[in-house]
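Generate coordinates for the entire structure from the input sequences, incorporating the hints supplied.
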Amino acid sequence: MPETAIITENLTRRFGDLTAVDGVDLRVAAGQFFGFLGPNGAGKSTTIKMLTGLLVPTSGRIELLGIDFAANPIDAKRQIGVVPEGMGLFERLTGTEYLHFVGRMYGLDRATTEHRSEELLEFMQLADRPKTMIADYSHGMQKKLALAAAVIHGPRILFLDEPFEGVDALAAGALKALLARMTERGVTIFLTSHVLEIVERLCSHVAIIHKGRLVAQGSLEELRAGIGAESSKTTLEQIFLSIVGQDGAEQPQLEELSWLM
Amino acid sequence: MADVEHKTALTEQIYLVMRLRWRILRNGLRQKSKRLDLLGLIISGTFATILVLGLCFAFYEGARAFLLNDRPGWVALLFWGIFVFWQGFPFFTAGFAANFEFRSLLRFPLKLSALYIIGLSYGLADFSAIASICWLIAMVAGAASANPVVLPSMIFVALLFLWMNLTMERLIGSWLERLLARRRSREIFFAVFILCMVSLQFIGPALQRYGVVLRPIVQRIQPYLSPLPPSLAGHAVAAAVQGHLNGVFLSMTGLGVYTLVFNGLLWLRFSAQYRGEEMNETAAPKATPLLRRKSANRSGHETWQLLPPAVAAILRKEISYLTRNGFSFFTLLMPPLLVILFSIQFTGTHPTIGGRGISAETFFPAMMAYLTLVLMSPAYNSFAFEGRGIQTYFTAPLRFQDVFLGKNLLIIVVLTLELGLCIIVVAYRVGLPSPPRFFATLAAMTFAIVGQLVIANWSSISFPRKLAFGQMRGQRQSGMAALLAFGIQILLAGMSTLIFLMGRWTRNDWLPTEIFVVLAAAAIGGYFASLEALTAFAEKKKEILIETLCR
Numbered sequence: 001m002p003e004t005a006i007i008t009e010n011l012t013r014r015f016g017d018l019t020a021v022d023g024v025d026l027r028v029a030a031g032q033f034f035g036f037l038g039p040n041g042a043g044k045s046t047t048i049k050m051l052t053g054l055l056v057p058t059s060g061r062i063e064l065l066g067i068d069f070a071a072n073p074i075d076a077k078r079q080i081g082v083v084p085e086g087m088g089l090f091e092r093l094t095g096t097e098y099l100h101f102v103g104r105m106y107g108l109d110r111a112t113t114e115h116r117s118e119e120l121l122e123f124m125q126l127a128d129r130p131k132t133m134i135a136d137y138s139h140g141m142q143k144k145l146a147l148a149a150a151v152i153h154g155p156r157i158l159f160l161d162e163p164f165e166g167v168d169a170l171a172a173g174a175l176k177a178l179l180a181r182m183t184e185r186g187v188t189i190f191l192t193s194h195v196l197e198i199v200e201r202l203c204s205h206v207a208i209i210h211k212g213r214l215v216a217q218g219s220l221e222e223l224r225a226g227i228g229a230e231s232s233k234t235t236l237e238q239i240f241l242s243i244v245g246q247d248g249a250e251q252p253q254l255e256e257l258s259w260l261m
Numbered sequence: 262m263a264d265v266e267h268k269t270a271l272t273e274q275i276y277l278v279m280r281l282r283w284r285i286l287r288n289g290l291r292q293k294s295k296r297l298d299l300l301g302l303i304i305s306g307t308f309a310t311i312l313v314l315g316l317c318f319a320f321y322e323g324a325r326a327f328l329l330n331d332r333p334g335w336v337a338l339l340f341w342g343i344f345v346f347w348q349g350f351p352f353f354t355a356g357f358a359a360n361f362e363f364r365s366l367l368r369f370p371l372k373l374s375a376l377y378i379i380g381l382s383y384g385l386a387d388f389s390a391i392a393s394i395c396w397l398i399a400m401v402a403g404a405a406s407a408n409p410v411v412l413p414s415m416i417f418v419a420l421l422f423l424w425m426n427l428t429m430e431r432l433i434g435s436w437l438e439r440l441l442a443r444r445r446s447r448e449i450f451f452a453v454f455i456l457c458m459v460s461l462q463f464i465g466p467a468l469q470r471y472g473v474v475l476r477p478i479v480q481r482i483q484p485y486l487s488p489l490p491p492s493l494a495g496h497a498v499a500a501a502v503q504g505h506l507n508g509v510f511l512s513m514t515g516l517g518v519y520t521l522v523f524n525g526l527l528w529l530r531f532s533a534q535y536r537g538e539e540m541n542e543t544a545a546p547k548a549t550p551l552l553r554r555k556s557a558n559r560s561g562h563e564t565w566q567l568l569p570p571a572v573a574a575i576l577r578k579e580i581s582y583l584t585r586n587g588f589s590f591f592t593l594l595m596p597p598l599l600v601i602l603f604s605i606q607f608t609g610t611h612p613t614i615g616g617r618g619i620s621a622e623t624f625f626p627a628m629m630a631y632l633t634l635v636l637m638s639p640a641y642n643s644f645a646f647e648g649r650g651i652q653t654y655f656t657a658p659l660r661f662q663d664v665f666l667g668k669n670l671l672i673i674v675v676l677t678l679e680l681g682l683c684i685i686v687v688a689y690r691v692g693l694p695s696p697p698r699f700f701a702t703l704a705a706m707t708f709a710i711v712g713q714l715v716i717a718n719w720s721s722i723s724f725p726r727k728l729a730f731g732q733m734r735g736q737r738q739s740g741m742a743a744l745l746a747f748g749i750q751i752l753l754a755g756m757s758t759l760i761f762l763m764g765r766w767t768r769n770d771w772l773p774t775e776i777f778v779v780l781a782a783a784a785i786g787g788y789f790a791s792l793e794a795l796t797a798f799a800e801k802k803k804e805i806l807i808e809t810l811c812r
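Protein chains in written order, with our numbering: chain E, 1 to 261; chain F, 262 to 812.
Calculated from the structure, these hints are not laboratory results.
The model shown is predicted, which means the values in this text are computed figures rather than measured ones.
Keep in mind that the hints are not guaranteed to be accurate.
[Stated by the list, open to error] Only part of the chain F face toward chain E is listed, based on derived beta-carbon distances under 7 Å:
| id | residue |
| --- | --- |
| 1 | P569 |
| 2 | A571 |
| 3 | S581 |
| 4 | Y582 |
| 5 | T584 |
| 6 | F655 |
| 7 | A657 |
[Unchecked claim] Below, simulated EDC-like cross-link-like pairs (lysine to aspartate or glutamate); rule was C-alpha separation at most 20 Å, straight line:
| id | chain 1 | residue 1 | chain 2 | residue 2 |
| --- | --- | --- | --- | --- |
| 8 | F | K803 | E | E85 |
| 9 | F | K727 | E | E85 |
| 10 | F | K802 | E | E85 |
[Said to hold, decoys possible] Partial selection, computed: residues in chain E whose CB lies under 10 Å from chain F:
| id | residue |
| --- | --- |
| 11 | K77 |
| 12 | I80 |
| 13 | P84 |
| 14 | E91 |
| 15 | R92 |
| 16 | V195 |
| 17 | L196 |
| 18 | I198 |
Quick reminder that beta carbons are idealized off the backbone N, C-alpha and C, glycines included.
Structural data, given as structure tokens:
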């Protein structure tokens, strides 16, 4: 098993004149719980789309578990599970039908697909609505189903775009425990989230992207050292604001809203 | 205390809502697709305007003729026409999608009276209302030109009738909102609509055959209709012409009572909404007690062993989507009904062309060509209902050709079943053509269907358009895809006609069959050869495809 799960070299994506991702060099070790952070519009989703095959890079290279993504996309996709932005569900199937569909698409045999679907639906507390279509699920239920679909084939890298958004506290706790157990078994988890507390609690390593460029990467301790924080109590939020807010452009000018205060 | 210094006036609130709608329309036009939609709307609007103006002339002439020919009571028929259209048209078109936009206004400090007026004005913007108002104006003008004395009463009746229709349509709309809040009831409703539309096609032939029998029944029902609003409006006009003021007063009072009752009920409905009651609220689906279900097939036995697993999974998913999509599923009822309809109109005992019916030799290939045209058109936008699920095809470890194979397989199965059924209906109704013509048609259909699949797959990637599941309202295919489908069908029909004529010119009945078999074989070979190229093309176009369908 390669020591590095995800490598990107000079990964760039342009949309016309706009460079959404600009020469990103990422290295994520196998078995890491990796948080990918950045302000709105920084290039997080574009990066994750390129890493999962939803978007073609303008230039640069992606390697997943030693497999060159551009040269062997199908082999690379077999190793990964994805909860994409918007979840990518077929809304007119039931939860069971959707998991059966995804399992078969990833090449699982029928018996394994059915067995795993049943277990996943019960774990995600979705088994009591066997006839309900996904379109009629709540947002949180859809999120749980999307996560179940992402793990049904036992991926070695899991890409999660805002996985806890809209999920209730009880389910979120169970999901976090599941993800933590997966990393113990060597699965690499690549997660984006706006909730910095979640990232701080779950992730051992973090990268921060800002205006398309990678501005920080490393363990929390390394990031603390990077900003010159002396205390280990410096939170990820403080680190994030210190790095991203350096140019001052994002600092809201509260004096302008004096009528509200 | 919020910084609200004065209450917003009723007129200002209405003006703000109007401005909001205008801005939504204007901002929407920044997108190319919306501009194309507007263009489509202008073109269809032009046709609709021609239709409305043509009928304006009919209503004008109708009202004028009834009064000049001393038959003022017949004006009620015109009121009935408007009434049925005004209440029926939105019932079938607007009803398929609940309109939540109007309710979203409730979060603003809007007065109940403003909400009521805005609600009514939404009704006035419907096509049915605009058309009906035009026809009412035409009727008033027609009646006035025949007898100027009735003009004041005619204007009064028309205004009262307009108000009654407007409130009644809004009231039915608000009741329907609750009924149609559930997807299942929307789909059942839609099935009824499709059946009604198909049944309408049979009215002409049925009247031809049973018109004489039906007339006395209609005459017997007529008196029971007199207390209803359109008849009351007609009676009021007739009484005004005859100078019976009591009759005018009585009929208008009746019409006024209807208007007041509908207004009162609508006011109550809006008041409930204003207080925060959700009119579209339905009971939540019941959860089934958690039972560990035993899988039906734990042995690992594959149902469709001949197919690769990914193709089988996509085929299964496509079958589920077809059976759950009311619009697509119920349109499958159309082909056999169309065969019956056309066989009534063009063959047998009701000849309409040249004094004799069309022979089976011509009817069979023409009917099959038409049905192929109808059934193939959805294939030109085959990702229409995928929504965000389209991402799964690109994140899963599969080649895109498997997606096409799964989708095309369903189309072929559906076409085979439908056309097989239609051949049986044609054989029963008209009879089958000679063996050379029969087999030539089958080979031609194979060529046309398989050949079109290649182009339809390309079109699905090049011109995707997201369509709402199980809905008809606002559903329009991509203009380019529709144009391409039409062009290809014309080309194939022209080619096929030429090949059939070659058989006649060479006096070799089996020549068309031989040519079509060769073409069908070439089309099948071309289809499989195209899959590789289409996979590469899908990879190239995936960003546009995902962006369009996930929007």
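- Query: Looking back at the hints listed earlier, which ones does the structure fail to meet?
  - Reply: Hints 1, 5, 16, 17 and 18 contradicted; others consistent.
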